[in-house]
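S.K.: Sequence:
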Amino acid sequence: MSESQLVDLVVVGHTSEKSVETLVRDILTLLNDQSAHLEFKLSDALLFNNGMVSIRDNISTDEAQAISQKLSTLGVQCLLRPTLQIVPKDRETDDTSEAAIYTCPACGHKQAKLKTSATGRMDACEACGIVGERYQQKQRFQQVVQSESQRNDNERAKRIREVLERAKLDEEAMLQQEARKHLGIAEKPDNIGIKIAGVVAAFSIAFGGLYYYNQPTPAELAQQAEIAAKAQADKEAAQATAKSAALDKAVEKANAISDKLGNMPASEPTESPADTSAANETQITAALKADTQAPETPVAATEKKVQTDVSATAISEMEGQQLTPMRFQISQEEHTENRRRIQQLLKLDEVDLTETLITRTQEAVSVHAVCSGLEANG
Numbered sequence: 001m002s003e004s005q006l007v008d009l010v011v012v013g014h015t016s017e018k019s020v021e022t023l024v025r026d027i028l029t030l031l032n033d034q035s036a037h038l039e040f041k042l043s044d045a046l047l048f049n050n051g052m053v054s055i056r057d058n059i060s061t062d063e064a065q066a067i068s069q070k071l072s073t074l075g076v077q078c079l080l081r082p083t084l085q086i087v088p089k090d091r092e093t094d095d096t097s098e099a100a101i102y103t104c105p106a107c108g109h110k111q112a113k114l115k116t117s118a119t120g121r122m123d124a125c126e127a128c129g130i131v132g133e134r135y136q137q138k139q140r141f142q143q144v145v146q147s148e149s150q151r152n153d154n155e156r157a158k159r160i161r162e163v164l165e166r167a168k169l170d171e172e173a174m175l176q177q178e179a180r181k182h183l184g185i186a187e188k189p190d191n192i193g194i195k196i197a198g199v200v201a202a203f204s205i206a207f208g209g210l211y212y213y214n215q216p217t218p219a220e221l222a223q224q225a226e227i228a229a230k231a232q233a234d235k236e237a238a239q240a241t242a243k244s245a246a247l248d249k250a251v252e253k254a255n256a257i258s259d260k261l262g263n264m265p266a267s268e269p270t271e272s273p274a275d276t277s278a279a280n281e282t283q284i285t286a287a288l289k290a291d292t293q294a295p296e297t298p299v300a301a302t303e304k305k306v307q308t309d310v311s312a313t314a315i316s317e318m319e320g321q322q323l324t325p326m327r328f329q330i331s332q333e334e335h336t337e338n339r340r341r342i343q344q345l346l347k348l349d350e351v352d353l354t355e356t357l358i359t360r361t362q363e364a365v366s367v368h369a370v371c372s373g374l375e376a377n378g
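Quick note on numbering: full-length UniProt numbering labels position 58 of the sequence shown as 58, and the sequence is numbered without any gaps.
Every clue listed holds true.
Estimated spans, in silico, between C-beta atoms of each pair:
hint, residue 1, residue 2, range
1, 39, 82, 19 to 27 angstroms
2, 148, 173, 36 to 44 angstroms
3, 182, 162, 28 to 36 angstroms
4, 122, 33, 57 to 65 angstroms
5, 138, 82, 49 to 57 angstroms
6, 237, 217, 28 to 36 angstroms
7, 167, 200, 35 to 43 angstroms
8, 169, 200, 32 to 40 angstroms
9, 60, 129, 54 to 62 angstroms
10, 248, 209, 55 to 63 angstroms
11, 32, 60, 16 to 24 angstroms
12, 239, 200, 45 to 53 angstroms
13, 31, 114, 54 to 62 angstroms
14, 122, 143, 14 to 22 angstroms
No wet-lab data here; the hints were simulated from the structure. Yeah, the Cβ is synthetic: ideal placement off N, Cα and C, and Gly gets one too.
Using the sequences plus the hints, can you model the full thing?
M.R.: Here it is, written out as structure tokens:
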């Protein structure tokens with residue numbers, strides 16, 4: 001390394017046991033330089049030890065070696081790295097190598113290659129005067145033209161062969177047709193539309209014949225109508241029987257209720273009145289809910305209608321037998337509510353619950369009468 005070569009002093013690490021801050025202060029004191037820039041570079045180099053931080057740039061080799069020796073006393077390791085410099089370019093010399101020889105692509109003449117060809121000037125042959133680069137470009141263009149011409153010729157030849165083959169096939173077909181005419185052979189028509197129409201017509205005739213031969217006779221039609229009428233009559237008879245049975249059952253229930261209302265027996269409860277009332281109320285509520293949830297059939301709907309009519313008759317009779325004076329009767333609202341509940345329970349065929357509700361109504365009337373009598377005596 002020559003003395004004129006400039007270098008950078010790079011810190012690559014340290015072996016000191018001191019802290020980085022203490023070591024940086026010692027180096028600044030040793031170099032007699034307290035600049036903040038040098039302090040930052042030293043801290044960066046000693047902390048990371050990546051060998052990328054230069055603390056002195058563009059100094060001579062002797063000066064760099066002297067600073068490196070001083071820093072080695074503190075356990076700091078340094079490296080001298082050559083500085084990038086601008087070096088004057090050497091004068092161009094005549095190059096007689098093969099790379100500096102230009103060969104004309106047209107005539108093959110060899111001559112020295114121009115040094116200024118990189119600036120835009122083209123080498124021209126001294127013998128024939130042809131510029132090599134233009135000549136080569138023209139050669140490439142001619143090659144492309146020749147390739148395209150050959151491809152076009154191949155496509156045209158292919159089309160010509162196809163036309164000739166079609167013409168040959170047409171000619172053979174015409175010769176075959178002339179031969180058939182000469183021999184008196186009728187030409188076979190090949191009409192696909194006629195064939196399809198014939199197949200469709202055949203299927204239509206076949207299906208029509210099957211439908212015609214499978215039609216029922218007048219006797220069979222009359223027998224089918226008789227069977228349908230008999231089934232309808234049986235159905236209506238069953239419905240009438242069901243209605244009659246439901247009506248008889250409802251009439252029996254109405255008669256039983258009328259007998260109970262006429263006799264009005266006094267029943268002694270075996271349980272407390274509050275428990276009995278709560279249990280009956282629960283049963284009545286459950287029955288009324290079941291009425292709203294249970295699905296109805298046509299027969300059930302007919303029975304329910306009949307029971308409703310009979311229930312209305314029974315209630316009318318009950319109201320006709322009500323001989324208690326107005327002051328001993330319950331209120332109109334309670335009477336209407338009890339009547340609605342009795343109708344719904346009769347629809348549900350709940351005889352026991354109906355009797356319970358009637359008994360409770362009678363007891364309420366009796367209690368009301370007693371209270372009214374006490375008020376009159378008082």
